[in-house]
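Chemist: Using the sequences plus the hints, can you model the full thing?
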Amino acid sequence: MNAIILTAIWGVMMMLGGAFIKSKTTPKYLAIIGLAGILVANCMQMNSGTAFFMVDVKDMLHFNSFNLTFINVAFGCTLLFFLLSGRDIEKVGENVSEYFALIFFILCGVAIISTFNSLVMLFIGIEIVSIPLYILTGSDKRNLKSNEAALKYFLMGAFSTGIMLLGIAFLYGGSATGSFYIDNIISGNAPMPPMIAIGLVLLLISMSFKVSAAPFHFWTPDVYDGAPTVFTSFMATIVKAAAFFAFVRLFENAFGSMHQQWQTLIVILIAATLLIGNLTAVFQQSVKRMLAYSSIAQAGFMLFALFALNNLAKEGLVLYAAAYSLASIGIFAILIKMKDYTIEGFNGLGKEQPLLAVTATVFLLSLTGIPLTAGFQSKFFMLMAAVQTGQHIWLVIFAVLCAAISAYYYFRIIQAMFFKEAAADAVILTEDITPAFKILLLITAVLIIGLGLFPHFLTNWLYF
Amino acid sequence: MNQNIWITFPELLIWFPLLAGLVAFMIRKENVVKNWAILSSLITLGISIVSIVYADNSKHFYLNNVSYFWLRYLGSNFTLGLDGMGHMLTALTAVAFPLIFIATNRTSYKSANAFYGLMLLTQSGLMGVFTAMDLLVFYFFWELAVIPAYFLCSRWGGERRIQATFKFFVYTFTGSLLMLVGIIYLYMHTGPSANADHSFSMNAIYAAMLSPAEKNWLFWLFFIAFAIKMPVFPFHTWQPDTYEQAPTSTTMVLSGIMVKMGVFAVIRWILPVFPDAVTRFDNIVIGLSVIGMIYASLIAIKQDDLKRFVAYSSIAHIGLMCAAIFTKSEIGLQGVMIQMFSHGINIIGMWIVVDLIEKQTGTRKISELGGIAHKAPVLTIFLVVIALANIALPLTNAFVGEFMMFSGLFTFNFWYAAVAGLSIILAAVYTLNMIQKVFYGEANGVTEKIQEISFNQKLVLTVLVVMIFFFGVFPQPLFDVTKDTVLNIITRLK
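Sequence lines, in order, name chains A and B.
In terms of this note's numbering, the first sequence opens at residue 1 and continues consecutively.
In terms of this note's numbering, the second sequence opens at residue 465 and continues consecutively.
Check before you lean on any hint, since a few could be wrong.
Residues from chain B that face chain A, not an exhaustive set, calculated with beta carbons under 10 Å [claimed, not checked]:
| no. | residue |
| --- | --- |
| 1 | Tyr-573 |
| 2 | Phe-615 |
| 3 | Leu-642 |
Pairs of lysine-lysine, BS3-like flavour, derived with a Cα cap of 27 Å [as the list claims (entries may be wrong)]:
| no. | chain 1 | residue 1 | chain 2 | residue 2 |
| --- | --- | --- | --- | --- |
| 4 | B | Lys-493 | A | Lys-351 |
| 5 | B | Lys-839 | B | Lys-792 |
| 6 | B | Lys-839 | A | Lys-351 |
| 7 | B | Lys-631 | A | Lys-351 |
| 8 | B | Lys-913 | B | Lys-823 |
| 9 | B | Lys-829 | B | Lys-839 |
| 10 | B | Lys-792 | B | Lys-958 |
| 11 | B | Lys-493 | A | Lys-420 |
| 12 | B | Lys-631 | A | Lys-438 |
| 13 | A | Lys-420 | B | Lys-823 |
| 14 | A | Lys-420 | B | Lys-958 |
| 15 | A | Lys-420 | B | Lys-574 |
| 16 | A | Lys-438 | A | Lys-145 |
| 17 | B | Lys-958 | B | Lys-829 |
| 18 | A | Lys-339 | A | Lys-438 |
| 19 | B | Lys-958 | B | Lys-766 |
| 20 | B | Lys-947 | B | Lys-792 |
| 21 | A | Lys-141 | A | Lys-351 |
| 22 | B | Lys-574 | A | Lys-438 |
| 23 | A | Lys-339 | A | Lys-351 |
| 24 | A | Lys-91 | A | Lys-438 |
| 25 | B | Lys-922 | B | Lys-839 |
| 26 | B | Lys-574 | B | Lys-839 |
| 27 | B | Lys-901 | B | Lys-823 |
| 28 | B | Lys-823 | B | Lys-922 |
Hint data in this document are derived by calculation from the structure and do not stem from the laboratory.
Source: prediction; values computed, not measured.
Virtual Cβ for every residue (Gly too), placed ideally from N, Cα, C.
Modeler: Structure representation (structure tokens):
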């Protein structure tokens, strides 16, 4: 509860404060301080149950160590994102404190969709996340691509929200007791009544939109490409991971007992997402677009949590959220500093800025899933979860072959950075790199390797 | 646990090169970093020699085995251990690196600190592979040994290095990922460990409960990964390109030691885990190996590039090792053990000679060379000895191993042995042909300016030649060290 209310309050304060604060850099510090405070408050609730606000939520929200840990991961990654890319948020436009306020609202939504226990809260949470995102996507007002992306995102988002609402209505009508609570919708593994089945498929479609699983991924590359790169970084990592968490939470609690009946749908989703995401990423020339497709490909791996729905899968999902967010935030933070977003733009970075290149390599190796990085552990957990079910081993083999394809496009950047020379007079970076930025990148890289060696430091929190 | 021991041999063998590598990254001066690399690799060699003195696991178990808690709740502990095969291969790794560093001392590299740092990291990764006694730890090192090698080949190699190395990486990465699926599947069928429902430890994996059908397809997931690394026909296509494009010192590591990872892994992780599947598929694997031997030997005859020549001859030798493993005979396995060591020594010698010729003449084309014997008689003598070892002439180290492997193959099936035997003749053809063309005949414009080799190189080649003859005449130490592994494997197979 702390997290939800405090993010909302802080968001409102930042928004109002924008009218009085003239300095462009102050909002960033306010945001960092606020988020750090909220993180502490959330940890307090997790450790000792300290709640600052006594609100009777009528069991519409559920707080346990599992989803509180996820909130910690999401907020922690956002904090890192603020620290790494805060200066770039300032550069997007005039209304700096509004951007931060919108991000706080999104975080509020993230906290709701990680804890919801009722379909109504899910719907509200998804809306709270989505609407600020539409604005952020279009925040580069003078840029045509940004406007196009925002409109596209809005239309697609509105469409999928409509589908979700329809699905919720069907579930409400189809459930025996007429209830929005997710654990009351069905009981047992009886064959699904038609109303429930329709509701389930509609929810599956709308959630697949949100996590950009194929074949509902078409908006992703355009939106990720058009939005200002800082916000793409946020969208592709924290928001996506939160949507996944909600996806898994919904399907586990609402339809978990009928897992066998809808598992095939997930299998199709996984296979399509992995194949399309990886194959299309191979052909991209722009790193930003490539990362958009790679985020689709990574979504394919995260979908394994839905496929398996066991403890390993849930641990794996939190680990995946952390690993993927850390690595992507890092690589986006470096990308923002680049002058040229094509792969050739990275040529010679290893010589010019060795530390940037080395940390970028760690992030890319983590995204590929090389041992010693968090990315390996998260993929490993997902594959273990899938194998534990004992079904569809072919899908696991297919997934690792897709991971091998992913090495191709991630390693192209590594090759460009270290093994290719920049043109003699080429300017690689747009600005000077501050020591603070380097240290933060280094910390991110160390975190990734730390999680790669000792993933249980994170997963153990889930069971306190 | 024995309280008096605070560090064990496998730990030293992994951590010391790792630390030395990290230190090397920080040394800016090229000369200093070169000397540091030589010094630290000599220390590693020292550690390895001492470890062999204490190799007897019945007396010195706690010196050779160690286990830390790691991913406890998954049933994986950081378990390292040295058995006979581990001792032999860590010794090979420890011997090879100083020789490589000394022999290529004259070569100058751009950003030498990174080069030597990565070389030492590779050494650490290789040591990890050879000492891992936990399947997940093994997988970690298996992948990690390749990463520095990838950077070495892509950064300092020849003209087409980026593509060639990437091909190598994608091949091995795909193989490893398939193996990862196999590892997870095996793990899910192991018994409970202290803190988890399953376990990755070697004994648990050996005891995994699997149906014959499951063993059959799991066998292939593992075997493909190892076959790519060895490489066995038809998974060998990355190898000539990579050997040709990689910087020669890295090629020495790749061909001398890294291919042994594949051979080693088959013996450690396939034979004891899937004995029935091994019996079932032995004809296919031996067939492929024998085809690969003949095929690679025929191509070696036609090669004009010295590096590709050595690469193909190496495929032929590895093919024999793979075939001998799958005969499941004691003599064949024992031969493989000897040959792993001998092949490592011989091929490093070959590369040193090739490197010398290329550095001095600027070409690797056999057709452009000739008459080196007049200009550099000492070099020629060394090369002839190494080349004769390469074709397994009696008195050389390779003879012992090859003889035993052929005996194993012969007891398994006469026809395989007969066809594989052709490769000996072919090896003689291509090796002698190469010696004749490169070293004898008239000196031409290219070889005119060739000089006699330097002291460093003489030293290294002398060490190699001494080892060739020593183990050719007196292979007993190698038998003694590796005997326990062979016997263990054979009992498990029965």
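Chemist: Honestly, which of those hints from before does the structure not fit?
Modeler: 1, 5, 6, 12, 14, 16, 17, 19, 21, 26
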